[in-house]
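Undergrad: Sequence lines, in order, name chains A and B.
Under the numbering used here, think of the first position of the first sequence as 1, with each following residue one higher.
Under the numbering used here, think of the first position of the second sequence as 1, with each following residue one higher.
I should point out that these hints are in silico values taken from the structure, not numbers from a laboratory.
It is possible that part of the hints are untrue.
Unchecked claim - Per the computed footprint, the stretches of chain A lying under chain B, defined by three or more beta-carbons under 8 Å from a beta-carbon of chain B, are:
id: 1; stretch: 29-42
id: 2; stretch: 48-62
id: 3; stretch: 132-143
id: 4; stretch: 199-211
Ideal Cβ positions, reconstructed from N, Cα and C, are used throughout, including at glycine.
Protein chains: 2
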Amino acid sequence: MHEALMSATGGGPPEGIDAVFVGCMNPDEFTGDGNLATLVTDHLGIRSAPSMRIDNAPASGSAAFEAGYLAVASGRYDNVLVLAGEKMSGVPTAEAIRVLSKMIDRTERDLGATLTALAALVARRYMHDYGLSREDLARVAVKNHANGAKNPFAQFQKEVSLEKVLESRMISDPLRLYDCASICDGAAAAFLTSEQTGVQVTGLGHATDYVPVQLRDSLTSLHATKVAGERAYAMAGRKPVDIDVAEIHDAFSILEIINSEDLGFFPPGEGGKALAEGRTGMGGDMPINPSGGLKARGHPVGATGLAQICEIVWQLRGEAGDRQVADAKVGLCHNIGGFGNNNVVTILEGRA
Amino acid sequence: MHEALMSATGGGPPEGIDAVFVGCMNPDEFTGDGNLATLVTDHLGIRSAPSMRIDNAPASGSAAFEAGYLAVASGRYDNVLVLAGEKMSGVPTAEAIRVLSKMIDRTERDLGATLTALAALVARRYMHDYGLSREDLARVAVKNHANGAKNPFAQFQKEVSLEKVLESRMISDPLRLYDCASICDGAAAAFLTSEQTGVQVTGLGHATDYVPVQLRDSLTSLHATKVAGERAYAMAGRKPVDIDVAEIHDAFSILEIINSEDLGFFPPGEGGKALAEGRTGMGGDMPINPSGGLKARGHPVGATGLAQICEIVWQLRGEAGDRQVADAKVGLCHNIGGFGNNNVVTILEGRA
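Just chain A, same shape as in the assembly (with noise of 0.2 Å):
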C-alpha cells in the first residue's frame, strides 16, 4: 500500500489531498475491522480529508476509480486519491471462501455453489457450444504466468507450462488449479487531478446484471460486460478496434476468453482461437493482460480494478519495463464484480 501510495502521488507526502474514495470488498469480516474509510485517512495522517469505501465486489477497485472520476468530474474536488486493496490472507482459506461466497446469490449459494464452480459451469458450456479444448483454455494461464514473469508486481512471477497447468490439481472439473487466481493480499493507488495532464480517463462504462447465474441469457456471455463495454466505448468515442492493450478479468481461465469476445475484440466463440494464434499475447495485435492479469498478478478482490487502473497508466507511460506494449496509445480495463453482475469498463488514454 505504501509503495501503491508514494508511486501514485509522486513519492512525496500526500499533500493537496482534496478526497479520498477507498475500494474494498470486506475488510470487516477479512481483517476484523470497519470504518475502513477513517483508518485509511488517518493512518496516512491526512486528518479532516472526507473520505468513503466503495464496494462492490471484486470491482470495488474500479468503481472506487469511478467514484473518485465522477468527483473530479463535478468540480467540487481538484484532487482525489483513491486506494484499494484487501487482505484475504489473515483468515484461514475455508473461511474466505466462505466470504466470497457472500457475492452469488442467495438461492444458489444455498444449493452448493461456489465462484469456482459457477465457472466451471461457464467453461463446460463454452467448451460444448464452440469446441474449445481443455489445451486451448490452459494456454490462458501459460499466456498470463508468462507476463507475470516478467512483472516485478505481480503475486506469482514465473513461467508455467502447458503441460503443467493440464496436469494441476483439479478443482472443479474442467477447471484446475492453474485455471484459477489465487486468493492473496494487494493493494493499488491512483491520484485523479483536474489537471489536463498525463494519462487521461476517457471512458467508463458500468453495468449490473441479474445475480442469480441461472437467469442470465446466456453462459457463455456476459451482458454485463457488454453494456458496460458499449457505455464506455460511447463515451470514448472507440472502438474496440482502437485498443491497443486491455486487462481483462481473469478470475478463471474461461473469463479472460469470454470477455475478450463480449468487449469486442474477437467474435464469440473465437476468443480462444485468438489467444492460441497469439493475437492476445505480447506480441499480437490484441495483448490482453501484459501485467499477468488476476492469474499471475494476483486477485485481491477489492484491489483488482485499480491494479488493472495502474498497469494501464504504466503501459500508456511507455513505463512497463520487460513487458511494454509497443505504442500503447488507448488502454482498456475490464473489472468484474458478484459472478459477472456488476461489471466497469474504463479506457485511459496517453496524451498526444
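Here the structure of chain A is known, so what remains is to put chain B in place on it, guided by the hints.
TA: Chain B only, in chain A's frame:
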C-alpha cells in the same frame, strides 16, 4: 424500502434511472449477503443500471447521497437513485454490538470500549466541564420522543416523560436506556436529478478525524463535525443563523447537544441550556430533529443519513404534517460515521 422508493420516485416504477448509489454499513455480517449494490438493481428490476455500495459506517446514507450528488454534478448522469438501509434485527443483540464495535479503533476496542462506553465518557466529561445535569441530558430524549410521536415513519411513536428517562435502565453511566438509539431496521430513498426544480442541494461538507478517541483534541467537541459544517456552509454561502431546521446525529443524547454547538447553532457549553429553554423544540428558533432523531425515528445505521435528508426534504416541501416547522426554507442534516470521525453535513434549500 418499497415505500421509501415509491415516495422518492413519485410513485412510479423506477424508469430512467442512470445509476444507483446504495448506502449500507455491513450487509454481509448483518444479513449474510454481499454484493448488495447488484442485489438492489436486480430486485428493483433495473438490470444494467450501474450501482455501487458506499460504506461510511453510520454515515453511509449521507455519503451515498454525496456520491450520488457528485455523479449528477459531474454531468455523467442525469437521474440518480440513492438508497440506504440496514437490517440489524436478524442477528442477536450481542452479535450486533460486536459488528458495530468494528468501527472503533482496535486499540480501544481491544480494551473493551463499546460505542456506548465511549459516549458515556464524552457525556461525563461534558457534564464535568459545563455543569450539564442529568436532567438536562434527559431532555434530548423527551424532546425527540415528543417529535417522534408525531412522525408516522418513526420507530418509537410515543412520548416519554423526564421521569421515565431518568428511571430507565442504566446502560453505561451516566447514559440510560433512553439516552441511546436502538438497534433496528430501516431504509430511505432519494432521487437526484439534474433538473432545476424542487429542493436543491446547496451545501455538502465531509470531514474525517483520528479514529482513536484518545487522540482527539477534545472530548466535548467533534473536529469532524466542525470542519464538515464549515465546508457545507462555505459551499452553500450560508451561516448557522440561516438554518431553519436541522436533523442532528443523536445516536446518544449527549451527541445532539455537542453537535448543535459544533455546527455553530450555540456557543460551546450552551447546547444544553438552549435545549432546556425550548430553543431546539418545535416552537423554538432552531428546531432540531423534528423527525424524532435517531433516538425516536430510529437508527438503522446505514440508512440514517438518508432518512435525515428525507425529513429535511419533507420539511422544505411543507409535507411534514404534525411535525412541520413553519416557514422552513433552509435545512441542514448532520450524520456521524465511526465514533465521530467521518462526518457529513448536507444543506438543502427549497427553491423560492
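Undergrad: Would you check chain B against the stretch 48-62 of chain A, counting CB to CB pairs closer than 8 Å, and say if three or more residues qualify?
TA: holds (count 10)
Undergrad: Quick check: do three or more residues in the stretch 199-211 of chain A have a beta carbon closer than 8 Å to a beta carbon of chain B?
TA: holds (count 7)
Undergrad: Are there three or more residues in the stretch 29-42 of chain A whose C-beta lies within less than 8 Å of some C-beta in chain B?
TA: With 11 residues closer than 8 Å to chain B, the stretch 29-42 of chain A meets the three-residue bar; holds.
Undergrad: Do at least three Cβ atoms from the stretch 132-143 of chain A come closer than 8 Å to Cβ atoms of chain B?
TA: Violated: only 0 residues of the stretch 132-143 of chain A have a Cβ under 8 Å from chain B.
Taken one by one, the earlier hints fail for this structure only at number 3.
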